[in-house]
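Chains as they are written, first to last, in numbering that gives the first Met the number 0: chain A, 0 to 251; chain U, 0 to 237; chain F, 0 to 235.
Hints may be right or wrong, so weigh each one.
With a cut-off of at most 20 Å between alpha-carbon atoms, the simulated SDA-like pairs for lysine to any residue come out as follows [claimed, not checked]: (1) F/K3 <-> A/E158; (2) U/K80 <-> A/L187; (3) F/K22 <-> A/E17; (4) F/K76 <-> U/P215; (5) U/K129 <-> A/R220; (6) U/K17 <-> A/V21; (7) F/K2 <-> A/G116; (8) A/K247 <-> A/A114; (9) F/K99 <-> A/A13; (10) A/K222 <-> U/Y95; (11) F/K22 <-> U/Y226; (12) U/K17 <-> A/Y231; (13) A/K222 <-> U/R70; (14) U/K204 <-> U/Y63; (15) U/K129 <-> A/L171; (16) U/K17 <-> A/P226.
Only some residues are given here: those of chain A computed to face chain F with a beta carbon under 7 Å [unchecked claim]: (17) I9; (18) Q16; (19) T26; (20) R31; (21) K92; (22) R138; (23) Y140; (24) C141.
If you are wondering where the hints come from, they were derived from the structure by calculation, not from laboratory data. Glycine is no exception: its CB is placed at the ideal position from the N, C-alpha and C atoms.
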Amino acid sequence: MRELTLHERIRNAAASQEVENVKARHTYLHGRADATTEWDEIWCMDENASWAHAFGRMRGGDQVWWGSVGDYDKMCFENWLEIRERYPEVTGKDPRPLMEASVHTLVTDVIEVAADGKSARGSFITPGVIHSRLTDDGRPYCNVLWERYGSDFVLVDGEWKYLHEHVCPDILTRMDCFDWAHGEYERLTDPNPNPPPPPTLGAPPVTDPGPLHTPYSVLDRPKNTVPWPEPYETLDNDNTYTSLVAKKDYCS
Amino acid sequence: MYTTEQLTQRWEDQRAIKNLMGKYANIVLLNREEEVFSRFWSENEPTLAFNDGVYRGVEAVKGYYDACRDRNALVASLMQKKFPERLGGMTEEELYGIGPFKVMPMYCPIIEVAGDGRTAKGLWYCQGAKNDVEACGPRARWTLGWFAVDFIRGSDGWKIWHMQYVNDVDCTCGQSWGREPVSYPDLPEFAPLKDFVYPAYTEAKTVRAYYSPDRPITEAPAIPEPYETFADTFSYAV
Amino acid sequence: MFKKDYTDDELIRRVWDIEEIKKLVYKRGVYIANDWREREIDELWVKEPEHQKTASFGKNIGWYVGIDNIRAWYDKKHGDGYMAFHPASTGLVELAGDGKTAKGLFYSIANETESNGDGTANALWMPEKLAFDFIKEGDSWKIWHLVAAVDLVSEAGTDYSDQDPYPNYETDPVMVEFGTPTVPQLIHDGTFNWWDNYPAMPEPYETWSDDISYGPEGWKAPKGKHYGAREGRNYK
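Input sequences plus hints: build the corresponding full structure.
Here it is as structure tokens:
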């Protein structure tokens, strides 16, 4: 890779911090289930945009908006209709954050900014908690959800935006009242086992059907679905978490 | 006061060190410990310390990671024997990595690069989830502890020089570390894991005591402070 | 959105300001683990008298204001069996255009353990948002305002779902320990998850004004008059 000028190196140092902020904004917006602001303000919603989970990959701004904003809002509104029967005080309040605070913290980041300064890539381990108090069964809950992220960002009109997100759920269980590894083993060795827990997030329409990742299991080896980024020159199909379908200013 | 170029170089060094530790965590998560030493470690008198002892020198440190690989292979073979219908047709290579899932998220990096740029120090908090197979079968554990690391710049970038990975808590998930642990009975199908031992430490010693309700408040490994050259600061070598 | 162009030298110095600010937050985590509360106030918080007067430390039920009031509550030593981790993650830091102040939001899946004196200990998970205002004094960044908005408190090894859905801040051990702050005010009610959006994300800004403070001077009630947890509850 070519040697960068001092100006380019400084630009890329600032870019690395800026994508950390974009990523963190995702966490705090998602914690309020504010999908509209998230996808409206911090995403580049063109035809290259993608959001992937175990269930598959949504591609293009329209499909991502439908699944990540529309389907998510639908869950929130349905939840609100249910909990209002038990908790009238939710009346008049935005139904979205009332569903749950889904908090995916960001640590263990490996971040690389392209030599051309037009894109950046990051992998993260995200130990998270998902909690809510007012629920339809009257019991609060707190789950732990540990995932890994592979994220691509692009510079659009001077602002850093998300382009690709690949979410890899690894551990989902109740907060600290359960040994999930032993629990799975007991289920696997039980002659009359309960069915395994359902997958998260339903199944919105996708272009690339899943499964694109499988969570931790005692019978599986850990998947390297979102390998850490290596230093790279420009966003292209060798350096991306989703293959690119359209040539844009930010990619070759 | 550093020049613009020096500041830039120092930032790039810090980012490279964060990336290095992120990659370390990912390699361990993927059960590829046999790659750890050649990828990440310096051969310049390395030390690797855990709560109860320290490995010193290339052979000892590398030997630890090789033993991790051997244990991973043993776990996988025992899982294959236990679940022949699911895993019976797999080759040794396909099987390797089944069982453990050791997640070491790296929090709160406090990194200081030496003024001379030849070494660096870093302290991370690690709130981990260690899922592994033990003599009682699969078990998930919370691990709450610290990575304290000296780095040295080599011909191909930053390398780990001295590392302490010490925990305060290593507790079965779903239990409190403030209460008497509830143990599971050993299972005959995993009995060989009881006989598995890691290589003996170069020196067995208490580097850090685990938490107990009567443990005095125990300070974290020392916080790195700005320094000019390694002789001017402390070492994380034990 | 506020945006500004900087020279290369200005930009890399701003990059380092943000790194130093994050390091300050991370050091605070180690100070807590070491039970260095006095040192935290002496070394990491504001030193200049005019800043100390307006320094604040908030939790869900209000703020202590003024460094002396913060110290009177916060500066205490714990005994054997105490262990605390408040590791900050998910840093979102906005440095003012003028470089004199900064704001930061972090999340911590925190835990604290205290001996019961009978060979057992009470180990609590307490995930929380940590919101900071920072101010530069000389060459050093200092903590000026801090809000630790606790989402829930749950003993390790117990089922959080067994708790009453409504937080009781009169018996919640974290709030009991917080005592009676200088400005008592419900500023984050966990009943509604993050509906009240407090503390909110920092946004880019040019220069400090009190209306963006994480101290009491910047707090705004969430939109809508039905804020209290039990309002409307008596309908049925």
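Going down the list of hints, with the structure as the test:
no., hint, result
1, F/K3 <-> A/E158, "holds (12 Å)"
2, U/K80 <-> A/L187, "holds (14 Å)"
3, F/K22 <-> A/E17, "holds (17 Å)"
4, F/K76 <-> U/P215, "holds (12 Å)"
5, U/K129 <-> A/R220, "holds (14 Å)"
6, U/K17 <-> A/V21, "holds (18 Å)"
7, F/K2 <-> A/G116, "holds (18 Å)"
8, A/K247 <-> A/A114, "holds (17 Å)"
9, F/K99 <-> A/A13, "holds (18 Å)"
10, A/K222 <-> U/Y95, "holds (12 Å)"
11, F/K22 <-> U/Y226, "holds (16 Å)"
12, U/K17 <-> A/Y231, "holds (18 Å)"
13, A/K222 <-> U/R70, "holds (19 Å)"
14, U/K204 <-> U/Y63, "holds (16 Å)"
15, U/K129 <-> A/L171, "holds (14 Å)"
16, U/K17 <-> A/P226, "holds (16 Å)"
17, I9, "holds (5 Å)"
18, Q16, "holds (6 Å)"
19, T26, "holds (5 Å)"
20, R31, "holds (5 Å)"
21, K92, "holds (6 Å)"
22, R138, "holds (4 Å)"
23, Y140, "holds (5 Å)"
24, C141, "holds (5 Å)"
Consistency note: the structure conflicts with none of the earlier hints.
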